[in-house]
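**Student:** Sequence:
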Amino acid sequence: MHKLKAIIIEDEEQSQLAIKNMLESHNDMISVLGIFETVAQALPFLKVNDVSLVFLDIELPNESGFSLFNYKLNSNLKVIFTTAYNQYAVQAFKISAVDYLLKPLDPIELKEAILKVHRLDANHKMNEAYRILIDNLHYGNNRIAISHQNGYDMVETNDILWLEAEINYTTIHLRSKRNVTVAKTLRIFEDSLDPQKFFRISRSAIVNIDHITRLNRNNALSITLTDNSTIAVSEARKEDFLTLYKKI
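Counted the way numbering that gives the first Met the number 0 counts, the sequence shown spans residues 0 to 247.
Just to be clear, a hint being listed does not mean it is correct.
[Stated by the list, open to error] The calculated label-pair distances, taken between Cβ atoms and stated as ranges, are: (1) LEU114 - GLU238: 34 to 44 angstroms; (2) PRO194 - ASP27: 33 to 43 angstroms; (3) LYS19 - ASP209: 23 to 33 angstroms.
[Stated by the list, open to error] Computed list of lysine-lysine pairs in DSSO-like fashion (alpha-carbon distance at most 27 angstroms, straight line): (4) LYS19 - LYS46; (5) LYS176 - LYS115; (6) LYS2 - LYS46; (7) LYS19 - LYS4; (8) LYS71 - LYS46; (9) LYS176 - LYS71; (10) LYS2 - LYS71; (11) LYS2 - LYS110; (12) LYS196 - LYS176; (13) LYS237 - LYS102; (14) LYS19 - LYS2; (15) LYS110 - LYS4; (16) LYS183 - LYS245; (17) LYS196 - LYS115; (18) LYS176 - LYS110; (19) LYS2 - LYS102; (20) LYS71 - LYS4; (21) LYS196 - LYS245.
Bear in mind the hints are in silico, worked out from the structure with no lab data behind them. Idealized CB from N, CA, C, for every residue including glycine.
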């Protein structure tokens, strides 16, 4: 296992020391080359040193940690965000497949994040994942950036009819009758989309409540959407679904 060369960009001294001390307990996997309080301070070092990983605080004095991506750096550079951001921001991290650690940092989660970086192929470029993250944070609950084989699409959440699980993949059914399949589990989308608008009606389906046109109460409960799709509501989710639906 090759040894990662890391820097820390963090303005709070207590957090600097906490991260540094935790990383020193994994000195067989990673070495800390430097600690910087701002992106501006770190840039000259990044440009002349072979850094493979940055631990990056998002909220820095007079700047956002995201400003790091405004500069042309090594395309193989990996970033683990350290954040005290709110819940929606955490959801954006999940859907973007970008690593993050919540403050105060947990030693086990830190080790898992380091191991994940080690598992990434040397040619694995994260630039696209970071762009997806920034777009998702920027657009809030109204749009999400969805990665696919050829890049990524910005999708209005209002245009999503329902999402269908296919093992470790999810197919997103859109109002335009176009489907997008992505390599993310349905659970990631369940955690990321507005729970007042998107409801998981079974193990394999999340529906956009705004697009329900009919409830079907035959032998079992099912719903019909604006594209005439009919999807079964599982017995386990039936009561919670009806409670939410009656509030609309």
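**Student:** Now tell me, hint by hint, if it's right for this structure.
**Tutor:** Okay, the hints, checked on the actual structure:
{"no.": "1", "hint": "LEU114 - GLU238: 34 to 44 angstroms", "verdict": "holds, 41 angstroms"}
{"no.": "2", "hint": "PRO194 - ASP27: 33 to 43 angstroms", "verdict": "holds, 42 angstroms"}
{"no.": "3", "hint": "LYS19 - ASP209: 23 to 33 angstroms", "verdict": "violated, 48 angstroms"}
{"no.": "4", "hint": "LYS19 - LYS46", "verdict": "holds, 22 angstroms"}
{"no.": "5", "hint": "LYS176 - LYS115", "verdict": "violated, 36 angstroms"}
{"no.": "6", "hint": "LYS2 - LYS46", "verdict": "holds, 20 angstroms"}
{"no.": "7", "hint": "LYS19 - LYS4", "verdict": "holds, 13 angstroms"}
{"no.": "8", "hint": "LYS71 - LYS46", "verdict": "holds, 9 angstroms"}
{"no.": "9", "hint": "LYS176 - LYS71", "verdict": "violated, 38 angstroms"}
{"no.": "10", "hint": "LYS2 - LYS71", "verdict": "holds, 24 angstroms"}
{"no.": "11", "hint": "LYS2 - LYS110", "verdict": "holds, 14 angstroms"}
{"no.": "12", "hint": "LYS196 - LYS176", "verdict": "holds, 20 angstroms"}
{"no.": "13", "hint": "LYS237 - LYS102", "verdict": "violated, 37 angstroms"}
{"no.": "14", "hint": "LYS19 - LYS2", "verdict": "holds, 16 angstroms"}
{"no.": "15", "hint": "LYS110 - LYS4", "verdict": "holds, 15 angstroms"}
{"no.": "16", "hint": "LYS183 - LYS245", "verdict": "violated, 30 angstroms"}
{"no.": "17", "hint": "LYS196 - LYS115", "verdict": "violated, 33 angstroms"}
{"no.": "18", "hint": "LYS176 - LYS110", "verdict": "violated, 43 angstroms"}
{"no.": "19", "hint": "LYS2 - LYS102", "verdict": "holds, 25 angstroms"}
{"no.": "20", "hint": "LYS71 - LYS4", "verdict": "holds, 19 angstroms"}
{"no.": "21", "hint": "LYS196 - LYS245", "verdict": "holds, 13 angstroms"}
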